[in-house]
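Whenever a hint applies, use it, and build me the whole structure from the sequences.
Protein chains in written order, with our numbering: chain A, 143 to 481; chain B, 143 to 481.
It is worth saying that the hints were derived from the structure and are not from the lab.
Check the hints yourself; a few may be wrong.
Said to hold, decoys possible - Short derived list, chain A residues pointing at chain B, Cβ under 10 Å:
| id | residue |
| --- | --- |
| 1 | G154 |
| 2 | K158 |
| 3 | K179 |
| 4 | S183 |
| 5 | V185 |
| 6 | V201 |
| 7 | D223 |
| 8 | V226 |
| 9 | Y233 |
| 10 | D271 |
| 11 | D281 |
| 12 | N286 |
| 13 | L298 |
| 14 | G303 |
| 15 | M471 |
| 16 | A473 |
Where is the CB? At the ideal position from N, CA and C, for every residue including glycine.
The residues making up each chain are set out below.
2 protein chains.
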Amino acid sequence: MIATDKVLLGHGSGGKLSHNLISGLFMKHFSNPFLLKQTDSAVLEFTGGHLSFTTDSFVVDPIFFPGGDIGKLAVCGTVNDLAVSGSSPLYLSAGFIIEEGFPFNELEIIVRSMADEAKKAGVIIVTGDTKVVNRGKCDKVFINTAGIGYIKQENLHIGEGSRIMPGDKIIINGTVGDHGMAVLSARQELNIKSNIASDCASLNGLISHVLDEAGGIRFMRDATRGGLATVMAELAEKKNFGIMVEESVIMVRPDVRAFCELLGFDPLYVANEGKVVMVAEPDSAQKVIQVMKSHELGKDATIIGEISAENPGKAWISTGIGGKRILDMLAGEQLPRIC
Amino acid sequence: MIATDKVLLGHGSGGKLSHNLISGLFMKHFSNPFLLKQTDSAVLEFTGGHLSFTTDSFVVDPIFFPGGDIGKLAVCGTVNDLAVSGSSPLYLSAGFIIEEGFPFNELEIIVRSMADEAKKAGVIIVTGDTKVVNRGKCDKVFINTAGIGYIKQENLHIGEGSRIMPGDKIIINGTVGDHGMAVLSARQELNIKSNIASDCASLNGLISHVLDEAGGIRFMRDATRGGLATVMAELAEKKNFGIMVEESVIMVRPDVRAFCELLGFDPLYVANEGKVVMVAEPDSAQKVIQVMKSHELGKDATIIGEISAENPGKAWISTGIGGKRILDMLAGEQLPRIC
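This is the structure:
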């Protein structure tokens, strides 16, 4: 139906070319009864209770990287933001801003990635929008996804962490720094070859597995921009507890560590896209680890630290040789356009 | 709290500068209990029933134009998409993609516009995201808004138009072409002075007024990209009815008409941002007009045509001198980046 191999300004016009784009590409891959109605809004039915609602724009550069692409990332990112709020992700919106001249075959790969990942995560893309801007006015393609999830009553406070207590254990489901270093290694200007793949994954399956089978979770957050260190610093900030994590038990792939050292990055500050930090009550922590390890995305789950009554408002890391340092938020930008 | 007058890459990092941006700008203007929690997702309570969910990205150029700016537009656009689905708009998300170096004072004007318009429309901006891309990788600022509305049972089919019948009247709440020509006249390269202001407005107040006081509405759509003509062509497409509108009764401001003639545009295809097309059952049409006229945004409400059993699938316009022509969707793009 699309008689050109590149995206034209007219594909964002709302006219015939827009219709061709919708029916020939988006409907083909995202097809579901909500989108088929082609109404201005999707109509969704709920039984009542609490919903979570979130949004994220994705501007990753490059748009294709080992382990994923901007489409997969756009689905995983919003699914994960919903999941760490204690909700089951249900519906996504997708807003595309595309540069005039962007190749259709690349757009189709991205849209197919979104459809595949949505299917995997069990969410439905129910509404969307496409804008096309003149050549040079954006960089290839940006994608916004917003999402709606359903929160069971018992998980209502997990996103806030208002029930965290000293002695609670801090858990992460695996290695840190993979996503950031995978994207960076894919940037042509660096001309570096590596085997690092992004950890980009929808975590809702792992998270619901832990909530259902283990319990005792008092807080969750995905460690994206700013990495594990920023989650720790944010969590401690302005609270009446401190955080102490143990550097030696935080897993970093050797190639990620080597790449970080080469470029002067701290892997604790590098973005992940498939890592969730959980705070669990002390008695549940071992069970959480055991349940996590039984899931594909939690095989490397580790207790990395605990909530402490000391040093309220601060996150500390013990550096293995008896020393410790503060995990503060970065002032500036370590890696622009990592997600 | 912001020690620079321009947006830096670090403002999109998730670190300290991001926090300053959120607390110093977004919280200041959007402040509400949902945002204050600073969780990954907003937690919303519903009693059950049907919700509408929609998304739109805004890339208008220029970002400031007579009658509005990209911020006001981003709120109105999504509010209107929800409202024409028969729902009461409740919650919005806001995703910003900002070019490095964009002036903070302009960003603050835009954010304030969003806050003002949200207040006016009675919606709450409950979740957001900010990305900053390197200079030259986007054009100043793009904004995505997604929105959630609540649909009363009796309005559930209004967005679909599945109940439209021959004889139904087609109504619009005023002049066409204002938004497109206002934006175009603001483009510096044209160097044209005009008094045309965008009709950019949140239509949910007018729409609920009509639904509550008049009734008999079988379909609604806002006439944005592609203008009134595209709404008519889309509505008729693949249906077992035709559409006949009367050109002479469609109101176009004289300066909009003159500007369109000068530049070779058809005002029926020019974008509006404060115009809703309604299809009303014949017995209700006069009451709808009367109720619309009692609202500030419906003062110029007019019956412009009707649903016909003839020419199924086609929208026709009678041209006043006994002739008629088909209103088809445009093949390409008349005005890029109009919203």
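_Does M471/A hold up as a contact with chain B if the rule is Cβ-Cβ below 10 Å?_
At about 4 Å, which falls below the 10 Å cut-off, the nearest Cβ of chain B leaves the hint on M471/A intact, so it holds.
*Hint check: 10 Å Cβ-Cβ cutoff, D223/A to chain B*: 4 Å, holds
*asked:* Holds or violated: the hint that L298/A contacts chain B, with Cβ atoms closer than 10 Å.
replied: 7 Å, holds
*Does the nearest C-beta of chain B fall within a distance shorter than 10 Å of the C-beta of V226/A?*
Holds. Min distance 5 Å.
_Is the interface hint satisfied for Y233/A? The criterion is a beta-carbon contact with chain B at less than 10 Å._
Since the shortest Cβ distance to chain B is 6 Å, the answer is holds.
*Double-check D281/A for me: the hint is only fine if its C-beta lies closer than 10 Å to a C-beta in chain B.*
4 Å, holds
*Tell me if K179/A is really an interface residue toward chain B, meaning its C-beta lies closer than 10 Å to one of theirs.*
6 Å, holds
*Against chain B, is G154/A within 10 Å by beta-carbon distance?*
7 Å, holds
*Measuring from the C-beta of A473/A to each C-beta in chain B, is the shortest one below 10 Å?*
5 Å, holds
_Given V201/A as an interface hint, is its Cβ closer than 10 Å to any Cβ of chain B?_
It holds, given that the least Cβ distance between V201/A and chain B is near 5 Å, below 10 Å.
*Supplied contact hint for G303/A, tested at 10 Å Cβ to chain B*: Result: holds, 9 Å to nearest chain B Cβ.
*When the least beta-carbon distance from D271/A to chain B is tested against 10 Å, hint result*: 5 Å, holds
When each numbered hint is compared with the structure, no violation occurs for any of them.
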